[in-house]
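Chemist: These are the residues of each chain, in order.
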Amino acid sequence: MAHLDIRGLVARYNNATVLDGIDLSIERGEIVSLIGPSGSGKSTLLRVISGLLPPREGTVSLAGETINYADRRSLRRSRDKLAIVFQQYNLFGNMNVLRNVMVAPVTIQKRDKKTVEAEARALLDKVGLGDKLTSYPDELSGGQQQRVAIARALCLKPDILLLDEVTSALDPERVGEVLDTVKMLAADNMTLLIVSHEMGFVREVSHRVAFMADGKIQEMGPPAQIFGAPQQPRTQAFVSRILGH
Amino acid sequence: MHYVLHYGQIAPYLPYLIGGMAISLALSVLSFIGGMVLGLFFAVIRNEGHPILSRLVRIYVAFFTNTPQLVQIYVIYFGLPDFGILFSPFAAVLIGMTLNAAAYLTEILRAGLGTVHAQELDAAETLGMNRLQTLRHVTLPHLFRVAMPALTNQYILMTLGTSMASIFGVEELTGRAFNINSTTFRSIEIFTTVAVLYVVVTFIATILLALVGRWAFRARVPVL
Amino acid sequence: MLSFLIAEIPRLFTIYNVILLLKAALTTLSLSAVGCVIGLFFGFLLSIARLSHRPIFWPLKALALIYVEILRRVPFLITLMIFFFGAQVLGFNISALAIAFISTSVISTAFVAEIVRAGLRAVKPSQMEAAAVMNFSAWHSFWHVRLPQAWPLILPPVFGYFVLFIKDTALASQVGVLELTQAGKILNTKGFSASLVYGAVLILYFIISYPLARFGAYLERRLGASRHSRPRRAI
Ligand SMILES: Nc1ncnc2c1ncn2[C@@H]1O[C@H](COP(=O)(O)OP(=O)(O)OP(=O)(O)O)[C@@H](O)[C@H]1O
Ligand SMILES: [Mg+2]
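Protein chains in written order, with the numbering used here: chain S, 1 to 245; chain C, 1 to 224; chain U, 1 to 235.
It is possible that part of the hints are untrue.
[Claimed, not checked] Here are the computed lysine-lysine pairs in the DSSO-like style, where the Cα-Cα straight-line distance is at most 30 Å: (1) Lys110(S) <-> Lys216(S); (2) Lys81(S) <-> Lys113(S); (3) Lys81(S) <-> Lys110(S); (4) Lys216(S) <-> Lys114(S); (5) Lys216(S) <-> Lys126(S); (6) Lys132(S) <-> Lys114(S); (7) Lys190(U) <-> Lys81(S); (8) Lys185(U) <-> Lys110(S); (9) Lys216(S) <-> Lys183(S); (10) Lys110(S) <-> Lys132(S); (11) Lys23(U) <-> Lys132(S); (12) Lys124(U) <-> Lys157(S); (13) Lys110(S) <-> Lys126(S); (14) Lys113(S) <-> Lys132(S); (15) Lys124(U) <-> Lys113(S).
Please keep in mind that the hints were generated in silico from the structure rather than gathered at the bench. Predicted model, so just to flag it, every value in this text is computed and none were measured.
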């Protein structure tokens, strides 16, 4: 059984169809990357999966349970299993770094505060922000905020992690670090759905790559296929443009 | 406890109340115009930064915005006769409201003037406009465009403020309500009716000012 | 004339009269303060209703809109009279002071609700989305995320309104509440010159209002204009 199973998904923003029949199935522990031009609906897909935008048609199932978007409890159960790192990070502006990471595990998941704090500190250390615990988001650079957002997502201990443009604000050195973190997460059997423009990163980390355009997945396959021998002309054009040859 | 509302009893007084509304409007419009003239003058003084005049304007504004309009009119109407200066109730209220409005409007207009950019003024100068032309074609339109919402708000507050004229015996809307009250004793009916009239008048004023702002200054004034 | 007024001054500021004025000043302050605090409480309820998207809140939402739009367009004097005569006609035996407190609360609720709504709306929706995805309940999201970010935007204008409203409470003298203006009227009927008494009352209002207004401006600079959404420790 697929860990995340998406069937015939259609989503609209006030009648503008943004997702137009998405089928995507991801196994437990699998890393799938979404690539595609700007505006193709990648972030929207993550919004639908995380329950922020109810689909007009189709279904999303998490660990075998189909999400009922009209039912708060169903939504709650699915959100218990997943975490998302937003493209704009969306750190809480009124909380410092440490509290941003700790707030949900402590107040929502009701885990022991001391344990959570230790975990949060360790996570923030790992993303290189051990010295920024008491800083506020508006005092951090984009890349730093993004790493806090990653730590915040991981501290929730999700089964499935959605990462939106996770490498875009990072310098090359940090991309390497995130790469290592992501690989480690996969080894822990976490399922990852990653949106990225960093093709080197995508190629190295993903089990499969999906190319999205016009609200549809145009082509999907192992990185070697998508980057080496794309079947569709649109994929070809996109990949060659982005790889610069 | 068993009070029955009789709006029918005050229906005959509606024309009388509407006549009072005209007096209320006269008060608010006249004091708003007077306040605008004074306020514009004061705002320019503040903006030009003449040390002594500017300081005087600041004291004026601080004094009038930190004391109640009602007591200001008390001083004008009851206090000034101590010095042999007498005003009719209407004149006393009008003067008090104008002076009070001038203080608030100075602040609003000064804030608006602060947003006229130096570039626009430079542009006007390169076009060969003199100071008066610049004021008329550049500064004032810009000022009204940005200050229109605050001015509208101020006008509404002033319309509500006219009701205190009744305290000095002016027979405007609230004054006439008191008159009817003392003959019919239908207090709740009268004062709720008058409340509705104020709501209607201020709504109309809001909409009219929004339209004026849009046509004349391309200002965007939210109606609600 | 002026010398006559000056001769009156020592007679005006006897201990008895000074205590009268001070007590009246306290009433003036509390009329506005109580009104604003209660206004803050109900203003929050109204704005939460107005900002809610859930269909069960729609009737409440409409009511809140009507309340806010109407009450802000009725003169304070008229509101006072409606409550004053309303209590009389319905046979409620409550003091003029209580009527004044009810009136200030009812009016300031409408004004404060608008300030609160603007503050809550200024918090980016993406902040609440982040909370929702982490399974924050509506209440947790409001308490831990939205309110702390809206508060610095709400507090300065509410304080500004409180200072403004101090002056409006002068109208409570019309139902016989012993606040500053009424104290002036009492002293005037006791034979002191109107110019002296009301001049003194004006100055007392200024002494109360001016420092508060300055503090309000400071709050505005400190919280309102700051791009930081988090509360500063100084407050
Ligand atoms: N809140 C919204 N309301 C209306 N339209 C929206 C909204 N958010 C996104 N869209 C539209 O939906 C389409 C897909 O947007 P989406 O953010 O999913 O693209 P994306 O693939 O993530 O792009 P990028 O690579 O730039 O992040 C775009 O055309 C966008 O204009
Ligand atoms: Mg995106």
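Chemist: I'd like to know which numbered hints this structure contradicts. Please list them from smallest to largest.
Modeler: 1, 4, 5, 7, 8 and 11
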